[in-house]
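Each chain, letter by letter, is given below.
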Amino acid sequence: MGASLRMAPNDNVPICMNGVTIEVQGLARRYGARWALADVTFRIPPASVLMVAGHNGAGKSTLFRVLATAIHPDRGSVKVGGFDLVRQRQDVRKMTALLSHQSYLYESLTARENLEVVADHLGISRAGAAEVLEQVGLASRASDAVATFSAGMRKRLSFARVLLQAPRVVLLDEPYGSLDPAGFDLVDRVIGELKRGGATILVATHQLERSAKLADRAMVLEQGRVSWEGAPASLGAPASLGAPASVLPC
Amino acid sequence: MLIAALRKELLLQWRTRGQFLAVFVFGAAALLLFSFAIGPNAVALRTFSAGFLWLGLLLSSTLTLAESFHAEMENRAMEGLLLLPSDPRALYYAKAIANWLQLAILGVALVPVMVVLYDAGTTALPKLLLVILLGTAGLSAPGTLYAAMTAQLKAKQTLLPLLLFPLIVPALLASVKATSYVILGDPMDQAGSWLSLLAAFDLIYWSLCGILYERVIED
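Protein chains in written order, with this note's numbering: chain Y, 1 to 250; chain G, 1 to 219.
One chain only, chain G, in its complex shape (with noise of 0.2 Å):
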């Protein structure tokens, strides 16, 4: 049931896929514009790219989560499925799955915005990917809860960021120290915390998450 429904959620992905394209050029934006709110100050800059790279993310996220239930909405295709019957935990994790793979997608693809525009290179790839992963993996779990919940309410794109930024707050707080400590060095080790605390994160609200889908989206 998870593999049927994870490749209906890649599939409509696929077909909608300059809808990204759109999610890429807002995040790069506003990487843009937060460079102009520092000014010329290379130190500066490399010093907050880290929170700027995950304030982009976040911002570009509330359209991503708040698109993947269109398509759920526009003809009650949500409820079809789930009448055909379908497992509603299945339904959620293959909506989180994906929406967890195209917000990585989208962290992987503004990191060269970030070194451009604020110097802020680095050599550790493969942690910077692995904070990536588990930081939008935190995204995206409460994310998908919250844009079920609100996907039918007119004031939606209102709503979602209302309640979805004050309870991620630990695993944005998260994200940000660890991936200043990969671009600006770590020499206490102190990233690995943060780590953990993000990977207890994603632990608990993709468990919590699956468990409250069904009453979401059930009548």
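Next up, chain Y with everything else stripped away, as it sits in the complex (with noise of 0.2 Å):
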């Protein structure tokens, strides 16, 4: 049995009409006869952000997946903003945006072109783009390629991408990896205007003390199983991980 978390409600969070609260119950998801999640059971309420920690292979990047309807659990049943994230699948995902490992990007593409595209199946306006490409600091470089983009530029541009959909729900899978220090700096001040919008966050990282400060609550994964959560602060306690902190990669 998967450990709950029960988040009280936050003072210092500002509970947005936008948010939607994270119900997962047992969720389970395989990978042949490999267990990458088993038994995850969590609560998140609206307008807060969760920092999800854990070993390579701790089943973050699935837990992620399944959340944004990428994959399909084998076991448990999860609900997003009171949807049911099978039966109602295409709701769920109106209102979830995932930064995953994956870019998600077309290489023959501009920048801009890449956002536009989303832009439109979206239905909203191509003006957006130009606006979070300043913001994710791509706007001298949106006519280029991003098959001649480094993987931190992509990074960026993927964020771009996720803010563009102006998510209620937002899965950001090691927002950190591959920024140089000033994108470490873009993904928190995102992830805290977000956070101010109501957004409710996702963040699974091996940046710990950096999420610490950002995060209402923390959860660690080992080997698919929720195995500690509470405060982001307390996460570096030996007792709390039952290993040193150091153990987890950072």
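It cannot be assumed that every hint is accurate.
Unchecked claim - Derived pair list, reagent style DMTMM-like, types lysine to aspartate or glutamate, alpha-carbon separation capped at 25 Å:
#, chain 1, residue 1, chain 2, residue 2
1, G, K127, G, D186
2, Y, K94, G, D186
3, Y, K79, Y, E174
4, Y, K94, G, D119
5, Y, K94, G, E218
6, Y, K79, G, E218
Said to hold, decoys possible - Pair ranges (Cβ atoms, derived):
#, chain 1, residue 1, chain 2, residue 2, range
7, G, E214, Y, R43, 27 to 37 Å
8, Y, V86, G, M73, 22 to 32 Å
9, Y, E23, G, Q152, 41 to 51 Å
10, Y, A33, G, Q19, 18 to 28 Å
11, Y, G32, G, Q19, 49 to 59 Å
12, Y, Q90, G, L163, 23 to 33 Å
13, Y, N56, G, Q152, 21 to 31 Å
Honestly, the hints are just simulated from the structure, not real lab data. From the three backbone atoms N, C-alpha and C, an ideal C-beta is built for every residue, glycine too.
Could you fit the two chains together into a complex? Lean on the hints.
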């Protein structure tokens, strides 16, 4: 049985009407014979940030891909804003954005064109593309093909893609990966803005100290199970993790 | 949604237009090699020209269809569109229409090659264009579905023709017969019935594949 994360309303978090609750109950997902997620249970209130930590292969990315409806769960139930993840997949997708290890970008298109494709599919104005490019510091490279971008620039563009969606649920899988120090600050700033805007945010990261400052709660996944949950500040304490904090890759 | 998806497909095709030239050269080379199999027999060359044109198009189509999913799989871009969310049917029809357009242009471009190599000229160009449009539509609809199915597999270049070729035999047969009548003459007006068969095939597969596409691309 997975641990349950019950988050009390936090006075410091601006509760926004736009935020949605995520309720995960007994979630399991396997690849072949191996269970990547096994009986994961937690709940996140609206307009809050949950930090998800864990070793490589602990199940963080699988959890995020299930929550984003990219893959289906094998067991358990998930409700996002009251919508069932399996039966009301399109409704969940409308409010969710995933920053994944995969950039979801077309290599032969320019940065602006990639965002315009997203805007066109969402049925929103293309003007937003220029705005988010400015926001992530890629305005000067808007007309360059993604194929010419470094890993960090791709990550920034993927971030722009997420921002363009104006999601109510934001799933950030390793948002700091490949970024330079300025990029780290950008991620912090964006998470802060999304949180103030009322979005419910999950961040899977190995940058524990940095994310702990932004998160309202933290959760550790180990072999597909929730092994620890609590306040982000106490995540580094050896007793909480059941292992030295330094074991977690940073 | 369909317009947005189609715009993206055409933009991607434009950016990789060098690939079209390579596919055209492949098709033209196939027509040249087929002519070697017949030898210097002008009557036989002209008789079999329609069959060779469609075989050339069929072989080239596997390259076009497989390539159309390369950009989608590179960074899981297709998954990114699905999660926006996008309507899977709109994504399918946009890709199928873009593939159809590319194959139709390829078919039209291969006609002069056929005329030169097989001395298979015709004055019924509008009718030939109609056959090419209906025939390539028959290749594109199931071809796009099977290309999506095999896009993530290592052996996609082998599996796509293995799955596709048996399925499109009726469309291929109807296309070859209708093209033959256009080139060699049609005193009994038999081309119409083959075109009807081709149109029926297209109608069934364009409807069916649009429905099945979501099951193919979703986890």
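Cross-check of the supplied hints:
Among the hinted pairs, K127 (chain G) with D186 (chain G) is consistent with the structure: their alpha-carbon atoms are about 12 Å apart, no more than 25 Å. The suggested pairing of K94 (chain Y) with D186 (chain G) is violated, with an alpha-carbon distance near 56 Å, which exceeds 25 Å. A hinted pair counts as satisfied when its Cα atoms are at most 25 Å apart, and K79 (chain Y) with E174 (chain Y) qualifies at roughly 23 Å. Taken as a hint, the K94 (chain Y) and D119 (chain G) pair is broken in the structure, with Cα atoms around 57 Å apart against an allowance of 25 Å.
About 16 Å separates the Cα atoms of K94 (chain Y) and E218 (chain G), which keeps this hinted pair within 25 Å; it holds. Our distance criterion of 25 Å between C-alpha atoms is met by K79 (chain Y) and E218 (chain G), whose separation comes to about 20 Å. The hint said 27 to 37 Å for the Cβ distance between E214 (chain G) and R43 (chain Y), and at roughly 31 Å that hint holds. For the hinted restraint 22 to 32 Å between V86 (chain Y) and M73 (chain G), the CB-CB distance of approximately 25 Å keeps it satisfied.
At roughly 32 Å, the beta carbons of E23 (chain Y) and Q152 (chain G) sit outside the given window of 41 to 51 Å. In this structure the hint that A33 (chain Y) and Q19 (chain G) lie 18 to 28 Å apart at CB is violated, the actual value being about 40 Å. Distance hint for G32 (chain Y) and Q19 (chain G): a CB-CB separation of about 35 Å, inconsistent with the stated range 49 to 59 Å. Between Q90 (chain Y) and L163 (chain G) the Cβ separation comes to about 29 Å, which falls inside the hinted range of 23 to 33 Å.
The hinted range of 21 to 31 Å is satisfied by N56 (chain Y) and Q152 (chain G), whose Cβ atoms lie roughly 23 Å apart.
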